[in-house]
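Asks: Sequence:
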Amino acid sequence: MKAAGFVLTAAVLAAGSASAADTAGFAFLRIPVGARAAAMGGAFCAVPGDPTSLYWNPASAVSVSSQTITTHYTGYFLDMQGGFAGWVSPSEDDAIGVSANYFYGGSFERTTMQDPLGTGEQFSSSSVAVAGTYARSLTPTINVGATGKFVYSSIDEYSGNAFFVDAGATWRPSAGSPLTTALVVRNAGIQTKAFYRENDPTPTEIAAGCSYSFAGPGVLVSAEASYPVNGDPNAALGVEYAPMDMLTLRLGGNLRDMDSSKEAGGGFVDGMAFGMGTSFNRLALDYCFKPFADLGSVHRISLGYTL
Numbered sequence: 224m225k226a227a228g229f230v231l232t233a234a235v236l237a238a239g240s241a242s243a244a245d246t247a248g249f250a251f252l253r254i255p256v257g258a259r260a261a262a263m264g265g266a267f268c269a270v271p272g273d274p275t276s277l278y279w280n281p282a283s284a285v286s287v288s289s290q291t292i293t294t295h296y297t298g299y300f301l302d303m304q305g306g307f308a309g310w311v312s313p314s315e316d317d318a319i320g321v322s323a324n325y326f327y328g329g330s331f332e333r334t335t336m337q338d339p340l341g342t343g344e345q346f347s348s349s350s351v352a353v354a355g356t357y358a359r360s361l362t363p364t365i366n367v368g369a370t371g372k373f374v375y376s377s378i379d380e381y382s383g384n385a386f387f388v389d390a391g392a393t394w395r396p397s398a399g400s401p402l403t404t405a406l407v408v409r410n411a412g413i414q415t416k417a418f419y420r421e422n423d424p425t426p427t428e429i430a431a432g433c434s435y436s437f438a439g440p441g442v443l444v445s446a447e448a449s450y451p452v453n454g455d456p457n458a459a460l461g462v463e464y465a466p467m468d469m470l471t472l473r474l475g476g477n478l479r480d481m482d483s484s485k486e487a488g489g490g491f492v493d494g495m496a497f498g499m500g501t502s503f504n505r506l507a508l509d510y511c512f513k514p515f516a517d518l519g520s521v522h523r524i525s526l527g528y529t530l
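Numbering (this note's numbering), first residue to last: 224 to 530.
Just so you know, the hints here were simulated from the structure itself, not pulled from any lab data.
Some hints here could point you the wrong way.
Unchecked claim - Computed beta-carbon distance windows for the label pairs:
1. Pro396 / Val353: 32 to 38 Å
2. Pro401 / Val353: 31 to 37 Å
3. Asn504 / Val452: 41 to 47 Å
Everything numeric in this text was worked out from a predicted model, so none of it was measured.
Note that CB positions come from ideal geometry on N, CA and C, so glycine has one too.
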């Protein structure tokens, strides 16, 4: 399945979320969700109160203040695109949520041994994940959560599916502390149908992180380290600054993006992500810009609505 490998590798490289050495299947699950999180370099497993915690760390869903709907769209190069939609409903001690994540890998011209320059036919790739989340506060300082997801991917006439689970926890030194620490396992599970003859390695990874909110200057700093079972370790750092009530500026980066940028002929700036956000009444709008050297740029936009 060389074609499948090419599309999946292109997907994660387009997102700047994994290295070329990544060998896992269903690689779209590692593409960052949410313009806010992406602009902070993906250092997001310990950031509380954001509805995209349905993707990053299910334990943080219980810290969302109100029932919220969030949507996200990413436009890549090579005609690739991805999106996410989620709903989270917190109560006093727990929260539930549902979400869907998709990726379209674009269209490619079919080649064969007899027609190495192309047959004139086209094939495409697409993937989708549907998930349900439950989170609960065990104590005023400890939250836990889990997400179960069904994943389906197809390329040309081949398809595969899997069941994965995310499980996470967050801890604060005291109730209301500006410091949050987190631990999460993402995409642990089994492939129930192989694309071809053998199952692919799973995109399982373990991540730990912390965030600190400086209330006075309106600054949030977040860090995360992750270890994929089938890939290279990663470290990410992100900063968020709110100079005024309706404007937030963001900057972040991670080691994978830096390495990918270098391989693509780019420099330090190409390995970084930049973003901004605004909110008005019940609406929140976020944007992220991610340069990728000579390959182009990735644009992400998210829209949230508090019910």
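Asks: With 31 to 37 Å as the target window, see if proline 401 and valine 353 comply at their CB atoms.
Replies: holds (35 Å)
Asks: Verify the CB-CB distance for asparagine 504 and valine 452 against the hinted window 41 to 47 Å.
Replies: At roughly 43 Å between Cβ atoms, valine 452 and asparagine 504 fall inside 41 to 47 Å, so the hint holds.
Asks: Within 32 to 38 Å or not, the Cβ separation of proline 396 and valine 353?
Replies: holds (36 Å)
Every hint from the earlier list agrees with this structure, and none is contradicted.
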